[in-house]
Amino acid sequence: MLLPLLVAATLSVAATTTDLRDLVTAVGGERVRVTSLTDPRHDPHALEILPRQLVALREAALVVRVGLDHEPWLPRALAGITPRPRELDLSRAVVLLGTETPRLRAERAAHVHAFGNTHYWLDPANARPITARIEEALSALAPAERAVFAENRVRFLARLDAGLARWELLLKPFTGMRVVTAHDTWPYFARRFGLTVAATLEERPGVPPSAAYVAQIVARMRAAGVRVIVSEPAAPAALVRRIADQAGARVVMLAPSVGADSEATDYLTLFESNVTRLAAALAP
Amino acid sequence: MSLAVEILALPLLACLVLAGIHAYLGLHVLARGVIFVDLAFAQIAALGMAAALLSGHALGSAAAYAYALVFTAAGALLFAATRTRPGAPAHPSHIPQEAIIGIVYAVAAALTVMVLDRLPQGGDQIRQLLVGDVLAVGGGEVARTAAVYAAIGLVHWALRRPLLALSFGGEVPAARAWDFVFYFTFGVVVTSSVRIAGVLLVFAYLIVPAVAGALVSGTVRGRLATGWGVGFLVSVLGLSASYAWDLPPGAAVVATFGALLAVIAVARAVAGLVRAARQDGPRALAGIGVALAGLVAIAGVFLAVVPRGDHVWLTGLEAVAPPVMTAFLTPRERETLADARAAIARGAAEVARLRTLEADVQFGTRQLEPEQRERLRQFLAGRGEIVAGDRLVVATLRRHARERQRFVLGVPLAVGGTVAALALARRRTRAASVSP
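Sequence lines, in order, name chains A and B.
For the first sequence, this note's numbering begins at 2 and goes up steadily by one.
For the second sequence, this note's numbering begins at 30 and goes up steadily by one.
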């Protein structure tokens with residue numbers, strides 16, 4: 002059953018997110034056909050499995066996933082698929098943040114991602130180890146194309162490095178600045194560009210913050226002079242707006258994934274547009 | 030504290046506006062027995078909004094609201110057309126209106142899911158536009174909503190005769206037309222309320238004050254006054270609780286509604302019992318006595334059979350009267366318990382202090398060297414574990430106590446409760462056979 006796929010000119014890959022789809026495309030180029038199983042414009046927590054996804058999984062020789070607890074629906078979707086495609090869990094490729102969870106529930110601490118924060122693709126430097134794993138996996142499935150994959154990756158990394166240098170330069174004036182984020186999406190991004198996430202408004206997506214927590218954040222933002230709240234399409238817009246008004250801060254809307262926003266058309270423009278917007282918002 | 034006022038002023042105002050109109054509409058809804066009609070309307074409006082987006086109108090544009098309004102009107106027509114007259118003879122194939130409301134809700138929800146799946150913008154923004162968070166309301170929004178509700182309130186006041194008669198089972202000419210007026214105004218109110226406060230809160234504001242009013246008073250006027258009182262009181266209490274105990278505000282208000290209703294129900298039951306006892310003497314209390322003794326017996330049996338289970342009543346009793354637990358511990362264990370409790374209190378205070386320090390450092394209002402910050406992080410993690418360890422010690426000691434309470438407390442309670450329940454039940458049946 003796998004054999005025709007191996008000899009065929011194109012390799013079918015299913016990525017769980019658009020970000021990973023783009024990184025697989027960057028390595029696989031024209032030899033690989035990649036589909037993203039999810040649409041970043043829809044709520045990832047309320048995902049219902051669609052026939053389209055089952056078709057993509059059935060055709061795929063390889064499933065590329067974010068891992069940790071980012072795709073709770075994937076085992077359910079894969080349950081009926083035979084033969085099971087190979088899985089590539091990219092969380093193993095990077096150093097994770099936010100892995101500390103109180104082992105015993107000693108205090109009430111919000112921790113959505115119990116195994117570590119899953120938004121590691123938002124550090125562009127992580128694309129290097131991630132694409133290395135992708136190259137390995139693709140080469141194992143199509144050994145004849147090994148050289149093509151390696152060459153594609155080198156070309157992609159050259160563009161990435163040029164971009165990273167530009168983005169770091171753009172955000173350099175704001176090193177050490179503090180922002181408040183709507184959701185806990187940006188720790189990797191903030192660390193890469195020398196920003197500090199001082200607090201998160203909605204610690205558990207979907208559970209509104211209490212009045213006391215909002216008051217505390219507003220008071221702290223005023224005292225510390227935090228001027229920017231980083232929001233995202235899935236965040237509660239009215240609440241973010243109101244807190245920003247009370248704290249005298251600006252709201253900047255960033256895209257957490259490729260395609261979450263009309264400007265973030267691929268992995269590189271995702272950062273291009275996010276960095277440009279953030280720099281504009283942070284500028285006095 | 031002034032910041033609390035600043036944060037909570039608009040949400041409280043919004044809640045009071047909601048309480049004002051919903052307590053009144055709730056009387057109608059309760060009298061008509063269409064409890065879930067507001068959920069159906071919220072879903073119909075969502076479908077209208079999604080349809081507007083699908084036709085290429087912007088989110089929040091006048092066209093989108095017009096779509097929502099037209100869909101609401103269509104829903105009102107449907108509900109007016111399917112309403113069955115209270116006095117009408119029951120047909121064998123009679124279908125209750127709640128069934129139609131449920132079907133409309135489910136189908137509208139399914140269609141919305143399908144439309145959202147096709148939309149370029151995705152579902153998040155629409156959901157946010159439709160399901161609000163009361164903490165996020167703006168001043169303009171509250172003012173606009175209050176104006177709309179005041180207008181609708183005036184319409185209802187002007188037309189109170191036919192509308193009230195219709196809901197409370199009177200004969201009205203052109204009933205379907207009046208039904209439409211009621212459902213349409215109701216739909217408009219619910220749709221804008223849900224946008225401010227979310228489905229859960231709107232449902233509570235609609236039904237609970239009306240039920241509380243029905244429990245307390247028999248007249249429309251009395252019920253309305255009670256409903257308003259309950260709505261205002263719960264708004265203030267719920268939002269204060271959200272602030273004091275760090276709870277999500279909408280959920281806190283809804284839970285307060287539930288608690289208040291429970292208090293009213295218990296008070297009514299107690300008043301009824303007292304009245305009965307005054308009339309028939311202590312015999313009237315036999316029924317409740319049997320129930321209470323039965324509960325005691327069940328609690329005793331549970332403690333004797335599963336001493337390791339969660340005996341909430343016993344834990345609560347021990348919190349009020351510590352000797353209930355400490356009497357079952359050896360002196361050494363008692364000492365350990367006191368030490369662990371003191372350590373927990375100290376540790377929790379320490380963790381709270383360090384959390385504040387950590388937040389200060391995060392916000393940059395206090396400076397720490399990187400090395401100190403790392404030590405702070407590690408210390409916090411360690412402290413948390415130590416507190417957890419002390420909690421484990423307390424839990425273990427409680428388990429020891431339970432093993433001993435099992436026979437000394439559980440068996441007597443089981444036997445005593447059973448005997449008391451049987452004796453009371455016998456007295457009750459004997460009294461019943463004598464009295465007629």
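It is worth saying that the hints were derived from the structure and are not from the lab.
It is possible that some hints are incorrect.
[Stated by the list, open to error] Derived DMTMM-like pairs: lysine to aspartate or glutamate, alpha-carbon spacing no greater than 25 Å straight-line:
1. A:173 - A:267
2. A:173 - B:35
3. A:173 - A:60
4. A:173 - B:398
5. A:173 - A:40
6. A:173 - A:162
7. A:173 - B:275
(request) Could you grab the alpha-carbon distance between residue 173 (chain A) and residue 275 (chain B) and see if it respects the 25 Å cut-off? (result) Given that 25 Å is the threshold and the Cα spacing comes to 38 Å, the pair is violated.
(message) Next pair to validate is residue 173 (chain A) with residue 162 (chain A); report whether the Cα-Cα distance is within 25 Å.
(response) holds (16 Å)
(message) Please verify whether residue 173 (chain A) and residue 60 (chain A) have alpha carbons no more than 25 Å apart.
(response) violated (45 Å)
(message) What's the verdict on residue 173 (chain A) and residue 35 (chain B), does the C-alpha distance respect the 25 Å limit or exceed it?
(response) Not OK: residue 173 (chain A) and residue 35 (chain B) at ~36 Å, beyond 25 Å, violated.
(message) Checking one constraint from the list: CA of residue 173 (chain A) to CA of residue 398 (chain B), max 25 Å. Satisfied?
(response) holds (21 Å)
(request) Quickly compare the C-alpha distance for residue 173 (chain A) and residue 40 (chain A) to 25 Å and report which way the hint goes. (result) Violated, at about 32 Å.
(request) For the pair we were handed, residue 173 (chain A) and residue 267 (chain A), check the Cα-Cα distance against 25 Å. (result) holds (24 Å)
Checked against the numbered hints given earlier, this structure breaks hints 2, 3, 5 and 7; the rest are met.
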